[in-house]
Amino acid sequence: MQDQGPILQTRGLSVYYDTKKAVTDVDLDVARNRITAIIGPSGCGKSTLLRCFNRMNDLIPSARVEGQVLFDGLDLYGHDVDPTEIRYEIGMVFQRPNPFPKSIFDNVAFGPRINGFKGSIDEVVEKSLVRAALWGEVKDRLKASALSLSGGQQQRLCIARALAVEPRVILMDEPCSALDPIATLAIEELMRELSEDYSIIIVTHNMQQAARVSHYTAFLMVEEARVGFLVEFGESRQIFTNPEDERTEAYITGRFG
Amino acid sequence: MAVIPQTEFQRRRARRKWMGRAFHAMCLLSVCIALGMLAVLLAYLLIQGITGISWSFLTGFASRHPEQAGIKAAILGSIYVVVVAGLVSFTLGVATAVYLEEYAARSKFAKIAKINIANLAGVPSIVYGILGLQIFVHSLHLGKSVLAGGFTLALLVLPIVIVAAGEAVRAVPPSFREGSYALGATRWQVIWHIVFPLAFPGILTGVILAVSRAIGETAPLIAMGALTFVPFSPDSPLSRFTVLPIQIFNWTSRPQEGFQEAAAAGIIVLLVILLMMNAGAVILRNRFQNKWD
Amino acid sequence: MVRADFDRNLEDLVSELFGLGEMVEKAIVKSMDALQRRDLAIAYEVVAEDDLIDEKRFELEEKCIDLIATQQPLAIDLRTLLAVLHIAVELERMGDYAEGIGKICMIIGEDEPTETPQQLDQMARMGVAMLQRSLKSLMDRDIDLANDVWDSDDEVDSLYDSVCHDIFVEMGEHPKTIEAATHFLWVAHDLERIADRATNISERVIFLVTGRIGRYKPPESTG
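Residue numbers (numbering that gives the first Met the number 0), protein chains in the order written: chain A, 0 to 256; chain B, 0 to 292; chain C, 0 to 222.
Please keep in mind that the hints were generated in silico from the structure rather than gathered at the bench. There's no promise every hint is true.
Computed cross-link-like contacts, SDA-like style, restricted to lysine to any residue with a CA-CA straight-line distance of at most 20 Å [claimed, not checked]:
| id | chain 1 | residue 1 | chain 2 | residue 2 |
| --- | --- | --- | --- | --- |
| 1 | A | K101 | B | P196 |
| 2 | A | K20 | A | V64 |
| 3 | B | K71 | B | R284 |
| 4 | C | K55 | C | L66 |
| 5 | A | K101 | B | P200 |
| 6 | B | K107 | A | Y16 |
| 7 | A | K101 | B | S235 |
| 8 | A | K142 | B | M25 |
| 9 | A | K117 | B | F108 |
| 10 | A | K101 | B | S174 |
| 11 | A | K101 | B | K107 |
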């Protein structure tokens, strides 16, 4: 079912913070309606790379991006592209669940409201919470504060919030690292369900999670120059049983990093 | 095998305990002294002035005769001036803080601006009075009016509001900002929907501090032309006025015993108004804070 | 060094596998020796010692399962553990065939006059050589050596056909020797299976090194 080609592509993507290069020359194809994992040791630029896809790096004044990021052929860093427009299509879930200090309903409704949504907000909220596998647990207390939920529930709320604006891609930056193992497995199951309708990119420290959850895996690494680069990219099944590059093998067998 | 022999441990524990208790006692003593002094002051005030408080006192105007002294003009003047000062400093202060913390954050301009604002807080208040006289009274032709007085005090307390609002805005966790940007919010939307509501309690704290300061200011208002003897209520923003501290000061400088009583009564009134304003602001702040928990 | 303990465990495991290989090799040689010399005592030993081979295999299996459960092995580690697991099973089966030969020797008895077909000895020697080569290819992670094992298998297969043919001819000409001949057929079968198992071991070695699962495919040859 890859007949429509990759949904996101990077070509020669490099990221600088002032003059220091953080990530160099990444060429990556992100498959449509699949889960792609980005793994690598700390400081290799995984999060930096991820944030290029929804131009969140723009929020850091010293960050500068070179190269192209193509979203269905459109260069996200082109001249007349508005970053806020991109973020409706490419959503993000963060490492620590960050629901706004508002009610559960208002959290999910936030995205549609600020984007001038004209239809039924109630429907959108319900649909998003259902899709995030949270509806059953909160349908009787939508007005309760979002902060009264458990960690795992809060993260699913953040996913529902992201879904409410109908993105096509969901970026996840270590979404389970602040959660307990049960909550983690719940989120992983949710991810697999969501991948039928959305393309997902997940950055993770957890090798087993990447192996469990992703269809494709990209391995990033740093060398002495402290610049992150792409070492290997392929089907997860292959990367985790028989990677091509010995550096990839050294990392996933825990022999370094 | 123990690295440090037991006997040494015993001694240390005892000494630490003793030090802990001594420190606790010292803190308690300081609190008692501070509160005690406050209690003494309040008691003295109440004793001196409570008899002076009467309906005629509150609704009458000042007079040469102590038994007919009234505080109405001063109350109204204070309230009007402080309201003007509060509104102006709130608006300007919050806008400045938001600009410095959100739009120009981490820029060199912001750093310099913040240093200067902090310094302004330390400028003697009389300087603001002279400034107010020159700019508001003369150049802008507002005369020695309530409006001019309000603006003068607004300038005085502006640094307080800016600093408090700035801290409140800064205290909003970046994760909320990131979360809203990631949903496609523009900078303005992030500020209005997320930052502002969360920073509001902190901003209100700043306003409380500002208002408390403003209501007690005497020198700058005298310098820009507030009156000391006002036998009428200020009836428009451009009318002349007096404020409670000035009226109280005026009475304390008179020799008659009756005026001393009036002054004490006036102080009580001032404190009551101050408390009411603060209470109102605190209630407002709590309402906002509880919403978010 | 990160995972030094795990590395040591893996090394020890592979050493023990070689140990099992040696036990099996000795069993095959011993069983053929007993057959040649019609020595019932040695045959009895072979049968008894097979229990030790079985025990060793289960021990290895348990250790593999343990490491798989506790170490979350991936890539080369995973393939190594799986290869050890499979090869241990193959070796244990080879030990069973050697035991089978020993049992047949006990059935044949001390005074069976019929001559042992000489192909059997050849088959046995080739089988042992294949076992040694496949285990060496594991030790050196040498795919070429692993591939060579199949050439020998073809030879063993043709020896098997030849000895079967000879035995059938013999059975036809001297019906009285049918019982003894049948026993030798079994021995031939066991030896052919031993050689076959050695090729299975080579398949696992190739899996370990290349990650490729599947039947042996001869390298592309021109013509």
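Tested hints:
| no. | hint | result |
| --- | --- | --- |
| 1 | K101(A) / P196(B) | holds, 10 Å |
| 2 | K20(A) / V64(A) | holds, 10 Å |
| 3 | K71(B) / R284(B) | violated, 30 Å |
| 4 | K55(C) / L66(C) | holds, 17 Å |
| 5 | K101(A) / P200(B) | holds, 15 Å |
| 6 | K107(B) / Y16(A) | holds, 18 Å |
| 7 | K101(A) / S235(B) | violated, 43 Å |
| 8 | K142(A) / M25(B) | violated, 48 Å |
| 9 | K117(A) / F108(B) | violated, 41 Å |
| 10 | K101(A) / S174(B) | holds, 14 Å |
| 11 | K101(A) / K107(B) | violated, 35 Å |
The earlier numbered hints that this structure contradicts are 3, 7, 8, 9 and 11.
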